[in-house]
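Undergrad: We have chain A already, so just place chain B on it with the hints.
Top line first, the protein sequences correspond to chains A and B. Position one of the first sequence corresponds to residue 1 (this note's numbering), numbered consecutively onward. Position one of the second sequence corresponds to residue 1 (this note's numbering), numbered consecutively onward.
Hint data in this document are derived by calculation from the structure and do not stem from the laboratory. Glycine included, each C-beta is placed from N, C-alpha and C at the ideal position. Mixed in with the good hints, there may be bad ones.
Said to hold, decoys possible - Derived lysine to any residue pairs resembling SDA-like cross-links, with alpha carbons at most 25 Å apart: (1) A:Lys144 <-> B:Leu193; (2) A:Lys5 <-> A:Arg212; (3) A:Lys144 <-> B:Tyr154; (4) A:Lys144 <-> B:His156; (5) A:Lys144 <-> B:Ser29.
As the list claims (entries may be wrong) - Anything over 10 Å on all C-beta distances counts as not near chain B; from chain A, calculated: (6) Ser26; (7) Asp29; (8) Gln55; (9) Gly59; (10) Ala75; (11) Pro95; (12) Ala102; (13) Gln158; (14) Gly168; (15) Glu178; (16) Glu185; (17) Leu186; (18) Pro187; (19) His193; (20) Asp194.
This is what each chain is made of:
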Amino acid sequence: MSLIKMTGIHFAYPGRPPVFAGLDFSLEDGQRVGILGPNGAGKSTLFLLAMGLLQADAGAVELFGQTMRRESDFAPLRTRLGYCFQDPDDQLFCPTVLEDVAFGPLNQGLERSQALERAHAALEALGMAGFAQRVTYQLSGGEKRLATLATVLALRPQALLLDEPTTGLDPQTQERLEAVLRESELPWAVISHDHAFLRRNCDLVLELNQGRLIPRDNR
Amino acid sequence: MHLETLAHGHSLFHRLDPRGKLAVALAFSLVVATGHSPWAAGVGLGLCLVGCLAGRLPLREVAKRLVAVNAFTALLWLVLPWQLGLGGGWLGLSLKHHPQGLMLAGMITLKANAIVLGLMVLLATSSVNQIFHALAHWRVSPRLLQVFFFFYRYLHVLHREWHRMHLAARARGFQPRTSLHTYRTYAYLTGGLLVRSYDRAQRVYQAMLCRGFRGTYWLLDHFHWQRRDGFFLIWGGLMVALLLILELAA
Numbered sequence: 001m002s003l004i005k006m007t008g009i010h011f012a013y014p015g016r017p018p019v020f021a022g023l024d025f026s027l028e029d030g031q032r033v034g035i036l037g038p039n040g041a042g043k044s045t046l047f048l049l050a051m052g053l054l055q056a057d058a059g060a061v062e063l064f065g066q067t068m069r070r071e072s073d074f075a076p077l078r079t080r081l082g083y084c085f086q087d088p089d090d091q092l093f094c095p096t097v098l099e100d101v102a103f104g105p106l107n108q109g110l111e112r113s114q115a116l117e118r119a120h121a122a123l124e125a126l127g128m129a130g131f132a133q134r135v136t137y138q139l140s141g142g143e144k145r146l147a148t149l150a151t152v153l154a155l156r157p158q159a160l161l162l163d164e165p166t167t168g169l170d171p172q173t174q175e176r177l178e179a180v181l182r183e184s185e186l187p188w189a190v191i192s193h194d195h196a197f198l199r200r201n202c203d204l205v206l207e208l209n210q211g212r213l214i215p216r217d218n219r
Numbered sequence: 001m002h003l004e005t006l007a008h009g010h011s012l013f014h015r016l017d018p019r020g021k022l023a024v025a026l027a028f029s030l031v032v033a034t035g036h037s038p039w040a041a042g043v044g045l046g047l048c049l050v051g052c053l054a055g056r057l058p059l060r061e062v063a064k065r066l067v068a069v070n071a072f073t074a075l076l077w078l079v080l081p082w083q084l085g086l087g088g089g090w091l092g093l094s095l096k097h098h099p100q101g102l103m104l105a106g107m108i109t110l111k112a113n114a115i116v117l118g119l120m121v122l123l124a125t126s127s128v129n130q131i132f133h134a135l136a137h138w139r140v141s142p143r144l145l146q147v148f149f150f151f152y153r154y155l156h157v158l159h160r161e162w163h164r165m166h167l168a169a170r171a172r173g174f175q176p177r178t179s180l181h182t183y184r185t186y187a188y189l190t191g192g193l194l195v196r197s198y199d200r201a202q203r204v205y206q207a208m209l210c211r212g213f214r215g216t217y218w219l220l221d222h223f224h225w226q227r228r229d230g231f232f233l234i235w236g237g238l239m240v241a242l243l244l245i246l247e248l249a250a
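Bound conformation, chain A alone (with noise of 0.2 Å):
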């Protein structure tokens, strides 16, 4: 089963060129994903399609396995979906961190204290058992980074949409992410301007160039 396809997606920003005429993506489950691309070729805006926060102009979004037509159709499936955005500010908006990781699984409908355990799991997996009280916008910009991932894989979500999640990273702190990212088995599609990182993390890379996905050698 598809966890994402999407058919013959047209989409334009109001007022600019169309960014894609007929675009086809599909994620299957297990598959690992990488999306490269010039800048404004509409790497992010693909992931704002797939989770519903952008219309498409014409063409079908299914999401595993169920078509998707209106907000009421995606929000339901949307926290299985973890996606982490480009800007970890953009992210992280509860007062701390455990507050801000036990906030999507909170509104999956969970008891506090499971909630709350989820949140610690997530956390400790992260290396970032001792933030947990800490406020979000004092962290450091890799901790705000880890504090993201936290937020999504605390949804036990069934795939990871991941937009350029090593960008600004050090050494140290790029290779606890991917080795928390390889450990969770989970398929994901990631966007990344990093070749390396996508050649070690995937097993399909894409680019994505005047609204077409092509496949690049992955070597």
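TA: Using the frame of chain A, we list chain B on its own:
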């Protein structure tokens, strides 16, 4: 940008439960602000000074904030004791000394200092997040609290963005002067900030939707009411009652 310089410390006031401090601060401010007795305001100011010393607040920082407040009250001292009259004198206007205005300026200064000092002792000794949580525990409207919290959370981000844009302008030789170019540049920077914050608001909302947000902003408990908080609440209540008695006696 660091706005919580007084929140670090280990004094009694730093350790008290912010819920109790919030209640006492509210009652104290109400009584002082609405009172007419200079005695009550004076005793209130005295209590806060004692609190300030007991809480071992950094006096330099406290003084800095009081100077800012008294820059405003100084204006009142300049303006209030004088009454402008028509007829006679220079340009047909006369200035008359008005002793009641002096009393009024004194009263406002006393009250303003008492309240600001009280809030520094009681509220600034907690972090903004703790105050936020305490307000939530007092069942303040969740929507209001979210606005308050988002304001504070993104103030830092916007401040950083402003700083970055400003640096970028300076790196290209921008120097603020009294000129149209300067005004235009500041207009661009401000406009840029508005647009960026609008975009950011949209992205934050999207990020919330991605984690299943449906209107509930969850808060987790992490306050533990202790015996000392009970004592403090009673003591604070007694002090406010004292001020009330002074007020009624006047």
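Undergrad: If a hint holds in the structure, say so; if it doesn't, say that too.
TA: Each hint tested on the structure:
1. A:Lys144 <-> B:Leu193: holds, 22 Å
2. A:Lys5 <-> A:Arg212: holds, 15 Å
3. A:Lys144 <-> B:Tyr154: holds, 15 Å
4. A:Lys144 <-> B:His156: This hinted pair holds, its Cα atoms lying about 14 Å apart.
5. A:Lys144 <-> B:Ser29: Violated. A:Lys144 to B:Ser29 sits at ~38 Å, over the 25 Å cutoff.
6. Ser26: holds, 20 Å
7. Asp29: Given that every Cβ of chain B is farther than 10 Å from that of A:Asp29, nearest at about 20 Å, it holds.
8. Gln55: holds, 13 Å
9. Gly59: It holds; A:Gly59 is separated from chain B by about 20 Å at its closest Cβ, greater than 10 Å.
10. Ala75: Label violated. Min Cβ-Cβ 8 Å, cutoff 10 Å.
11. Pro95: violated, 4 Å
12. Ala102: Nearest chain B Cβ is 6 Å from A:Ala102, so the label is violated.
13. Gln158: A:Gln158 clear of chain B: closest Cβ-Cβ about 14 Å, beyond 10 Å.
14. Gly168: Fine: 14 Å to the nearest Cβ keeps A:Gly168 off the interface.
15. Glu178: holds, 22 Å
16. Glu185: Holds, since 21 Å exceeds 10 Å.
17. Leu186: It holds; A:Leu186 is separated from chain B by about 16 Å at its closest Cβ, greater than 10 Å.
18. Pro187: Label holds. Min Cβ-Cβ 17 Å, cutoff 10 Å.
19. His193: holds, 20 Å
20. Asp194: holds, 22 Å
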